[in-house]
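Going down the list, the sequences are from chains A and B. Numbering of the first sequence is given in numbering that gives the first Met the number 0, commencing with residue 0 and proceeding in unit increments. Numbering of the second sequence is given in numbering that gives the first Met the number 0, commencing with residue 0 and proceeding in unit increments.
Hints are computed from structural coordinates only; laboratory data are not their basis. Hints are not guaranteed to be accurate.
What the hints assert, rightly or not - Just a sample of chain A residues kept apart from chain B, beta carbon distances all over 10 Å, derived:
hint, residue
1, Q5
2, L14
3, V35
4, L42
5, L43
6, P46
7, L62
8, S112
9, W116
10, W123
11, I161
12, V176
13, P179
14, V182
Claimed, not checked - So, partial list: chain A residues that the calculated Cβ filter (under 8 Å) puts toward chain B:
hint, residue
15, V151
16, N153
17, P155
18, Y158
19, N160
20, R163
21, G166
What you are looking at is a predicted structure, and each value in this text was computed from that prediction instead of being measured. Note that beta-carbon positions come from the ideal geometry of N, C-alpha and C, so glycine has one too.
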Amino acid sequence: MTAIEQEKRFLSSSLSIRLRPIAFIVALLVFWQIAVSRHPDQLLPGPLAVLRAIGELLQHGLLARYVVASLFRVTWGFALAAVLAIPLGLTIGWYRRSEMAFNPLVQIFRPISPLAWIPLAILWFGVGDFAAIFLIFVGCFFPLLLTAMSAVHNIPAVYVNIGRNFGLSTAQFIYRVLYPAVVPQLIIGARITMGIAWLVVVAAEMIAVNSGLGFLIIDARNAGNRYDLVIAGMVIIGTIGLLLDVAMRSLERVKSFRWSYSGD
Amino acid sequence: MVFDRDGKSIAVLEDLNLDVSDGEFICVVGPSGCGKSTLLNLMGGFLSPTRGAITIDGEAVHGPDPRRILVFQERGVFPWLTVEGNIGFGLSRLSRTERGQRIAHYVQMMRLQGFEHTYPSDLSGGMKQRLQVARALAVNPDILYLDEPFGALDSVTRHLMRGELLRIWQAERRTIIFVTHDIDEAVQLADRVVVLSSRPARIEDVLAIDIPHPRSMSAPRYLELRDQLLNKIGLAYTV
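Only chain A is shown next, with the shape it has when bound in the complex:
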């Protein structure tokens, strides 16, 4: 059974089965709360304290503001990286000679963590949104570039030959054969890169800006050891990360992209 079929099965199965993951999480939370109330040291605040902290953030209007700030930076950084990296990657992947030229450069820059760019980012852009967006851009650029290159390599030669056989112009070929053939892999790469972007934004915000969820965490600790806020921040980050992933997954379900995931 393919992954999509398994998923479909899960979604349409009875309510009790679908509730199981949630029940499991609730059980863990209860366990956590009990453990905390039995050992009231300050090593870890309990779920109720965290919930109260989230309520606090909501009350002061900070939750919405921080979430929007982080999402804003992620969106811009990711979009800029995608717009540059994907066409570039497709081109490099297609022309073998250009790949030989660019590959050493790519392989050198790739392992450099986006966080290593922080000092340069602050130097060039100062503390603020641009620095954060730049860091996310760097973090997204190479994964997307490599995904695009790999996607082009994986186009079966048959499709290329069919395109040539039917006398398509270059533009037609790109639009009607190349693009549909690479899209499924690009979506997978985009999903993974979105996860990376979300990781980077939190780290970037801890150092380079004054708002956002990463900032919330570091500020909560600095401004009075508010670990309940720290955990609240983590919970929110995790939740939004999950929602982003779900959104990207839903793209995979679009019928004309789905062909690549069925067992053909």
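Given chain A, work out where chain B should sit, using these hints.
Frame of chain A; chain B shown alone:
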């Protein structure tokens, strides 16, 4: 035709001279790996001969051309397009109505009614091959090259598909060059059968099949020709 791979030259085809007339059904048979597909790719313009030339109606072949469509053995349909989308693939220059008519005509001819909006992942192997042929025919090519198109199908489907192909060929007469390793298929379908030797392949012989269609597989003349063909390929007819 010489391939250079990993520094070694592999001569695949040598001394091939073949003339094909308009509307003929030619089968190319030969031992596995002898270069049948290479020959087809050369004819289709996907490869350039290292020596010699391929001319069609006096014109040299420079590259792939929509006037000569190649049907592949597997994975030849675009999985992101529906049946209609695939058939209409080469028809972008036609008007909407004309396109629709052509597609409908070939859906009908290849017996794919009801599946116009289906994606290839929901089609059987035989249907996918029918779809490929429909897409090829839709652009009205002069020549149809088929590279073991029924090779990946089961025995029964293969029989049915042969009948379909003959039916189409008799209805819309085009030149067909059909590569196969199946002797029976060659005798059932072809006007002439070109036998290739093993690598480096040359034309061993060309056998004319003079039985009119429909051909009976138990007729003496059929069996005679079949045996001749088996002999040419160097196989005994007793297992």
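A/L43 remote from chain B - nearest C-beta pair above 10 Å: 49 Å, holds
Taking the minimum C-beta separation from A/P179 to chain B, is that value above 10 Å? The claim breaks: A/P179 does not keep its Cβ more than 10 Å from every Cβ of chain B (closest is about 4 Å).
Could you check if A/R163 really has its C-beta closer than 8 Å to a C-beta on chain B? Holds: closest Cβ of chain B sits about 4 Å from A/R163, inside 8 Å.
According to the definition I'm using, a residue is off the interface if its beta carbon is farther than 10 Å from all beta carbons of the partner; does A/S112 meet that for chain B? The assertion about A/S112 holds, with a minimum of 36 Å to chain B.
Given as non-interface: A/W123, which should sit over 10 Å from chain B by C-beta: 42 Å, holds
Can you verify the interface hint for A/G166: is its Cβ closer than 8 Å to any Cβ in chain B? Where the cut-off is 8 Å and the nearest Cβ of chain B is about 4 Å from A/G166, the hint holds.
A/Q5 non-interfacial with respect to chain B [C-beta, more than 10 Å]: A/Q5 is indeed farther than 10 Å from all Cβ atoms of chain B, at 17 Å.
Hint status (Cβ of A/Y158 to nearest Cβ of chain B, threshold 8 Å): It holds, given that the least Cβ distance between A/Y158 and chain B is near 7 Å, below 8 Å.
In terms of Cβ atoms, is chain B entirely out of 10 Å range of A/L62? 41 Å, holds
Interface hint check: A/V151, Cβ to nearest Cβ on chain B, cutoff 8 Å. Holds or violated? 16 Å, violated
Least C-beta distance between A/V182 and chain B, which was stated to exceed 10 Å: 8 Å, violated
Since A/W116 was said not to touch the interface, does its Cβ keep a gap of more than 10 Å from each Cβ of chain B? 38 Å, holds
In this structure, the earlier hints numbered 11, 12, 13, 14, 15 and 16 are contradicted, and the remaining ones agree with it.
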